[in-house]
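A.B. asks: Spelled out from the first residue to the last, the chains are:
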Amino acid sequence: MTRFIFTLLNGLTLAGLYFLVASGLTLIFGLMRVINLAHGAFYLLAGYISWNVVDKTDNWFLGVLLGALSLGIFGTLVYLILLRKFQYEELRVALITLGVSLILAQGMLAVFGGEYYQTSIPENLSQSIPIPGIEISYPLFRILVLFLAIIVAIGLWLFITRTRYGAIIRAGVDDTAMVSALGINVQAVFIWIFFLGSVLIGFAGSIGATTNSFGMGTDGDYLLFSLQVVIIGGLGSIGGVAIGSFLVGVIGQFAVGYYPTLSGVITFAMLVLILAFRPQGILGKIR
Amino acid sequence: MKRQRIGRNALAGVVAGVLVAGLVITPSSHAASTIKIGYLNATIGPFAGGAPQITIGLNIALGEIKSKVAGKKIVILEEATDATPALALEKAKKLIEKDKVDILFGPLSGDEGVAIARLSKKYPKVTFVNTTASASEATNREPSKNFFRFHGDAAQWSGGVGEIAYNQLGYKRVAIIADDYSFPYANAGGFAKGFCKAGGVIVSAQWPALGTKDYSSQIAALPKDIDAIYAGLGGADAVQFLKQANQFGIKKPLIGGAILVDGTVLGAKAEIGDAALNTIGGGPVPDDSYSSPEYDKFKAQLAAAGTGPNIFSVLGYISAKSMLAGLVAVKGDLSNNHAKYRAALSTLKWKTPTGPLSMDKNRNAIVSNFIYQIVSDGAGGFKTKALKRQDKVAQGTAVYGRVNSCADAK
Amino acid sequence: MTKVRSTYLLLLAMAIAFPYLVPDPDFWVSSGGSRALWLGVTALSMSFLNRNLGLMSLGQLFFSGISGYIVAISSVTYGVKFGTSVPLAILAGTLSGVVIGFIALKTKGVYFLMLTLAVTLGLYSFANSAQEITRGHTGINSIPSPVIFGIDFAYTKPMYYLFLLIAITIFTFCKFLESTSFGIALKGVRDNEDRMTAMGYRILPLKMIAFVFSALIASIAGVMGAFYVTNISPDSVGLIRSIDLLVIVVVGGATYLGGAFVGAALIVVFEAIVQDFTQYYVAATGALFIIVLMLAPQGLMGISAQFRRARAKKLGAAK
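Chains as they are written, first to last, in the numbering used here: chain A, 1 to 287; chain B, 288 to 697; chain C, 698 to 1016.
In short, the hints are calculated from the structure, not lab data.
Quick caveat: nothing in here was measured; it's all calculated off a predicted structure.
Some hints could be false.
Pairs of lysine-lysine residues, derived as DSBU-like cross-links and limited to a Cα-Cα distance of at most 30 Å, are as follows [said to hold, decoys possible]:
no., chain 1, residue 1, chain 2, residue 2
1, B, Lys432, B, Lys412
2, B, Lys670, A, Lys56
3, C, Lys805, B, Lys409
Okay, the calculated bits of chain A under chain C, using three or more residues with CB under 8 Å as the criterion [claimed, not checked]:
no., stretch
4, 87-93
5, 220-232
Heads up, the beta-carbon is just placed ideally off N, CA and C, and yes, glycines get one too.
Using the sequences and the hints given, assemble the complete structure.
C.D. replies: Here you go:
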């Protein structure tokens, strides 16, 4: 029983992290039809930046803030320089971002080396809390990540469905000419979306750098996680990402905990099974 | 239509031009007055932290003979690998076929080592000297006549640890958690062999993939009725496991695989807490208090290069020094497919900083092994304390896979 | 037409004479020629799909990986002779194409790209974790090369010429296939599925045949890779390898069959030169990839056509 609850908690908190990671990807795609396959590399870059800030200043919150902001700026630059011109060519954009991920991966290797790092948890958040019914206590920080993910999810959903900005964004995607005619600068809206999506991945990278160690290869791992999440949940939908994160996180952890040698295959089999019945993902729309 | 033909011809011309340019730009020369040593090192990838330490060891050994043997200059050509067998093979082929090296020095990690040992059969004119790769099967399965390893394999690194765990520390039941590749298999196998023979029981075993970042589920799956955990994790993974074990408040003592208790981990940037305290382990590197004339001299050389003894610097030095000692003994004579040189290497005997070294019939070294314990240094850090030095540890005949119970460790 | 054919003949003659023209033949024939041919055939399976179905697949390494692993396991672990192991491997790789095609062909564009990438990465984690079968991260070493009529194909030149023969055969067959009514129907599906449905074609079987055929090519390439590298490990089907392959296809020209080989030759030479200067040569490859994508999306093979179009546009504007 202890093991079951423990594994479930692991799965849930990991699902929270996966949600943070994949939400930026799906936000940008859902609103702009641009898929960023350098997503894993962005995640890792944010990890390095926040780690270095925390290492120099001893201020964890500053590290997370700068990690998220610098990625926002970096992502916007990538969008402006490399992607904007081809924004309506989905495949070409996806391929360019794959090229970006290659360069980033090697660049980070050259600058930060192949060692693994992990950002220290701030002192007052580093204790473990006892879980009723089981004997082992559980790290408080991991539970906070889960709550953080839930807050971000609700925030994003409210932003897109309930605010004027959300309405402009949704309208701008569906009918660029119409929204422009209303005097709204659609290009600027797109830049802001890309910025926001990149901030989200930067935030996820800074948080993830605290819960798990990171280093060379982490980019590929998290690209795979986010692909699994959005493929299962359905690309472009916040709810889909939530469901996808839950399934990949929880089932993945039970697989690792109970059938470690088959863990990779179990997640993969789940993905195939879901796609055989719903090729667009659980909440994805057919386009 | 005409324009299209021109396009195609132009294209063919461009392709041919690029190919020819590529061939001309990268010439290769081979002067008789030099000895070329190709050096494979896993500087990109999970061992990037340890890899430069091997280079330090190599440079100390080269410095001792001023990079010259009998008037011939020794030239080192380095290629970077990422600890995967495929890239190691590709780079080895490049060094041998394009750069025409006489000796291949490397590789670093176990899986690369097995691949390179197998490859060595294809190039009988080149002599291969392993640096730190320690998978057993590189030398005790289909041994290759031109492949030499001047240190112990991973099973040798555990020599004596299992006996001490059972007899001296009283551990009766142990769970294994170790990286899923050849090196930890052998390392854990060497431990389990001694431990089970002494009367201990392996209760469970988990083999997470190399590079696993989140060990929380494995920690959760550890059985409760155990006396200690054998943690066969290296480098980055070890840091992560120790940190999480600390976070989850694991109170069981650890038995470390050889690379868990190495200095690279003790000095890790991530905090690993007290989870590492009292861990015992074995390996080719002596504890901090060890002293011998050879070791003290070597320590001073390392200090001058800005580092200290660790698995990579120690084995890197011993391997390089052995390789060069053979060259010195035959005065750089590599004629007749290295016949004299290889004979010299096969019978090499010398007093290394970590004790006497000799070679067995599979060209694997017979060496000393050290068993130690991690204790507090009184200033917030760790240090290692000697438990025992085991001499003349020779390679066994087993090639271990995953050791899931005592039945797998015979 | 004769001029085009003479270009092919010229390239063919160069390819045949190649081992006798290069310096350091030991290196360039094997690590240059054979490697480029192996990568080229793998890339060909990808460009065939892109050219005829308009689908960019990162799943080709999945098929290569299946067949490569089966050759390795059957010949190294069980000592099966290559006369049995090779057909078995190619058959298995091709059949796996049916399973993947069943799921993947329901999707298009970026979804197809993502899905096929996930499939390949799925094989990567399986190969890493199923240690009893695949020997995990270590992989399988010392894959023996075939010996036919006393010729040992482990040697540099025999292997090169064997690979050249395979490459030419597959290339020619692709060309032939495209000229048949089946090939023409495929292009119809690529350009307008609805029209083809209206004309009474059954789309899915058509697509499936093309997809499985590309899996066949990739499986053959998988066997070539196993013999060339003599080792197979999870990294042979990892993310970096998948992107490498994509770079070859795009740089060569993803809508041309010959682009696969042009790209492979170029990347092999490019990497051999760049890695003398830096160990981070993969970044240089990535930069080359982005530049090609931004400036010449049709790749090297498409450059002349691109220029022609640009000039025609200019002329048209001038009028």
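A.B. asks: Hints first: check each against the structure and report whether it holds.
C.D. replies: Here is how each hint holds up against the structure:
Taking the CA atoms of lysine 432/B and lysine 412/B, the gap is near 11 Å; set against the 30 Å cutoff, the hint holds. Between lysine 670/B and lysine 56/A the alpha-carbon distance is near 27 Å, which keeps this suggested pair within the 30 Å criterion. Straight-line distance between C-alpha atoms of lysine 805/C and lysine 409/B comes to about 46 Å, which puts the hinted pair past the 30 Å bound. Here the stretch 87-93 of chain A counts 3 residues with a CB under 8 Å from a CB of chain C, which clears the bar of 3, and the coverage holds.
Remark: the stretch 220-232 of chain A is confirmed as covered by chain C, as 7 of its residues place a Cβ nearer than 8 Å to a Cβ of that chain, reaching the required three.
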